[in-house]
Amino acid sequence: MLICHCNIITEKEIEQTIVGLLDQDPWQLIVPAKIYHAMQKRGRCCGCFPNVVETIIRVTENYHARSEASGVDIVSHLDRVRGLRIQYGSRTHEGRKADHRAA
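Throughout the sequence shown, residue numbering follows this note's numbering, covering 28 to 130 in sequence.
These are computed hints drawn from the structure, not numbers from a lab.
Using N, Cα and C, we set each Cβ at its ideal position, and we do this for glycine too.
There's no promise every hint is true.
Stated by the list, open to error - Pairwise CB distance ranges (calculated): (1) Gln55 to Pro77: 14 to 24 Å; (2) His32 to His64: 11 to 21 Å; (3) Ala65 to His32: 18 to 28 Å; (4) Cys33 to Ala92: 25 to 35 Å; (5) Gln51 to Ala92: 14 to 24 Å; (6) Ile113 to Gly47: 29 to 39 Å; (7) Glu81 to Gln55: 17 to 27 Å; (8) Ser94 to Gly74: 26 to 36 Å; (9) Leu56 to Ala92: 10 to 20 Å; (10) Ser94 to Arg71: 28 to 38 Å; (11) Gln114 to Gln67: 30 to 40 Å.
Generate the whole structure from the sequences, applying the supplied hints.
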């Protein structure tokens, strides 16, 4: 599935990059900018970043579930992120009102 239309990046490419980063350091903080940097790309419109964040969480959870870590060490973050999106709304528009116009 195509995740980033600006750079033509597929979900598979992002997943492979995440796994590569986790192989280097399993407990590092992975953010969309780090993935794009590793792929030698840059976020243009950044509209794909929410999907990239969900992919990071899913792949990282699966990576650690497959590793030798005990179940106590693994924390599920995907439900927390989704809960925050519901609580605060998927787009807060940086606190602006819906009818705000810059021009």
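Taking the hints in turn, this is what the structure says about them:
1. Gln55 to Pro77: 14 to 24 Å: holds, 21 Å
2. His32 to His64: 11 to 21 Å: holds, 19 Å
3. Ala65 to His32: 18 to 28 Å: holds, 20 Å
4. Cys33 to Ala92: 25 to 35 Å: holds, 32 Å
5. Gln51 to Ala92: 14 to 24 Å: With Cβ atoms ~19 Å apart, the hint holds.
6. Ile113 to Gly47: 29 to 39 Å: This hint holds: roughly 32 Å between Cβ atoms.
7. Glu81 to Gln55: 17 to 27 Å: holds, 18 Å
8. Ser94 to Gly74: 26 to 36 Å: holds, 32 Å
9. Leu56 to Ala92: 10 to 20 Å: holds, 19 Å
10. Ser94 to Arg71: 28 to 38 Å: holds, 34 Å
11. Gln114 to Gln67: 30 to 40 Å: holds, 36 Å
In summary, this structure violates none of the numbered hints.
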